[in-house]
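S.K.: Residue numbers (the numbering used here), protein chains in the order written: chain A, 10 to 319; chain B, 18 to 532.
Because the hints were derived from the structure by calculation, they are not lab data.
All C-beta atoms in this analysis are idealised placements derived from N, C-alpha and C, irrespective of residue type, glycine included.
Take the hints with a grain of salt, since some may be wrong.
Not everything, but these chain A residues come out facing chain B in the computed CB check (under 10 Å) [unchecked claim]:
1. Tyr97
2. Gly117
3. Phe130
4. Lys156
Stretch by stretch, here's where chain B covers chain A in the computed footprint (C-beta under 8 Å, at least three residues) [what the hints assert, rightly or not]:
5. 52-64
6. 99-110
7. 186-195
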Amino acid sequence: MVALEVRSITKHFGTLKAVDRVSFAVDAGQIYGFIGPNGAGKTTTMRIVATLSLPDEGDVFVEGNSVLVEPRKVRERLGFMPDQFGAYASTTVFEYLDFFARAYGLRGKVRVRALREVMDFTSLEGLRDRLITALSKGMRQRLCLAKTMLHDPAVLILDEPAAGLDPRARVEFRELVKALAEMGKAILVSSHILSELSEICHGVAVIEAGCIQATGHVEDIVRQLTPHAEIYLRTLAGLEEAQKALVVLPRVGEVRRDRDGLVFDFEGTPEDRAGLLASLVRSGLQPIEFSTKVTDLEDVFLRLTQGKVQ
Amino acid sequence: MNAPFFDDWWNPILVKEVRQALRGKYFKICFWIVLLAVVVAMAGMMVGFLHDDEITRSEGRNFFVGIFACLAIAVLAFVPFSAFNAVGAEWEENTFDLLIISNLRPRQIVVGKLLGAGVQTLLFYSTFTPFLVFSSLLRGVDMVNVWIVLAGAFLYSMVLTLIAIALSTMSRVRFARIVLMFVLGGALIFATVGGIGAGTYMIQEPGVIRQPLFWMRAGMVALAAAIAATYCFAIASNLLAHPEENRSTGVRLITTGALLLSLWWLHSMTTMVLDREALSAVSITLIVFLMIPGTFFATEPEQLGRRVEPRVPKNPLLAALSIPFLPGGGRGLLLYSAHLCLVTWFGLWMHHVLARSSGQPLLDEGAAGILAAALYAFLYVALPSAVLAPFTDRAVLRAAARAVVPFMIATFAFVPAVVGVFLGNHALENMDHPGNPFFLINEVRNGDLGKQPAVWMLVAALAVLALVLNVYRVVVGVRQVFDASRARARRASSRGEESLPPPAPGSAPDALAGS
């Protein structure tokens, strides 16, 4: 079921087109990565989704509610974690969460339960009486996530949640996000740490200069971007001999030298690749390394974007 | 984490504000400074008493006045200033976005800030109570007067706090906020001095509360304060709403309500005490005051806004009635013109009533003064707003357009005077020229009704020009409302509900979008 649908939104700031006909959708229980270089339009899009800004054209629907027509209904079903943590001075962790629980209209036992649950989930119980100003960056991000979850939203918008976190805090935060998706929440998360996103995201949208370059499941994008598998081969036979043997084989594309081996494109199924390896062995090349290069999100990002700045 | 029943019904902003204020440096420093000042003042007076054989009634009064002055500084200056900073802190601390995407409505935020200031005021009161009781024990202070002064100071503090909150919501730009802070600081000094003066008068003249005139004046001041407070509340609530929400309708309705209330008061006063000259003066004052909101309304961006369009009434009649109250410069000018027409008509009508009862001619100096003021008021708002309307989409240019109106009035009035100094033209030097609105108004009010036909013609011609220049944007503004109304009616009839189409069922698209 689609929890969040962004439908062809456009946003101008003066003459600058910050977002240009951006469309994507996120299903319930999915984590969707939103990646792009700085100034690509990620935060603008996320602020539109969070009802903090309005599109000049297009619309956004959160569980079927339009951000244009029913912003209050959208806010009830949506949690937004901005890239800049907003904290009050002279306020403890508990007071901060309690304030926002009240601000979301939670009352009595519901509020008490919500506070207990989010503090348990984010492991903040032990820090409840600590001043926010005394928290580490990782703990602040947890607190911000806890605040975002207080009213049990169906859709979470996380803008650069892992920025500035140390490796341990990043891993812990990633686990929290995964757990939230398992709870059935649709999560749109932007980050520059692509290796982390690729581990947790079910789909991604790549944006540059306000335009979506690609959207969908990571594997599908990879498949469409790289229809040929890139294979690395190292043999006991000489490189020239191996190169000669390869170029005559069917489905083998351009062959080039790489370090002490060869790299070549191969068009075919995994079974075809197994057949290729068997034929190489039969031809006496004595392969000692035969590996398909894995195309990850970072490769996708680099291929799709050109570092355009608006 | 126990949650008593009543605990849930507090305004969350109030709870937060009180918590933060009591822990913050600002409140603590102010509190101890004021307390120290009171103790020092009290000690000084006590030393003075030691040299007296007997404490006189006037000494008791003076003692109370001294204590009240310290309390007034706290509640009339520190507390409103603290509220100004509390609103600014929401932007400084990046919490404002988090607030407006919660369930809190802007008016709850304003009420919370106001109540927070009220609690601080009461804390100051409770601290000062022993000193005030002590001063009453010194005799010479009428307890009824004391209660009236303290209650009045509390209400005055709340009105000043609302003004401070409204000022604080006017800009999020740091530089502009610093300017606003200085403006507020200056205004609060005057307000505090005035408050101390009024309180001192009440204490020193205990018999004043037995005079009916006092209560009539107090009633007028209370009415003016209530209108100002309501107005500030509406402005603050609207400006705290998201920039793309409807931030205009509330203020337009409040302005209309305040105008009707003022006209009702004017009607009551006219039938009781006012003569034609006073009626004319009050009407002209109203017209001048209307220029302030009128300038803001007439310089709004022309578009309805994507969040306002779906809320325009489906019913064509209701849509037509809502036109002047919906955001947009053209529609704003329509409302301003309607307000001007209402005041002018009302002033002339009341003149007619008074003229009939006294057998005087209908079109006398007072009535002509009202007409002249209305023409100038329309001209000075309508002309620049028509010329600058294409630029009001951008906030900076919008602010500039708003600044043009007072600048234009000042330029038209003073530049000829400066030129007159150099040319040795006494008429220009004395600002006796058509650029100065009060020239024509004073001329006609002084009995020279038909003496300036050329000036009348010039002002009327310019007003007509301003009207013509505005016709297009007013028509566009009206058309936008009817278009939005029809679009909403179409949506409702085609879908049976008043919302945009829900998303099509299906899962996330997997296709490569391409660039």
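S.K.: Please go over all the hints and tell whether each is borne out by the structure.
M.R.: We went through each hint and held it up to the structure:
no.	hint	result
1	Tyr97	holds, 6 Å
2	Gly117	holds, 6 Å
3	Phe130	violated, 15 Å
4	Lys156	holds, 7 Å
5	52-64	holds (count 6)
6	99-110	holds (count 5)
7	186-195	violated (count 0)
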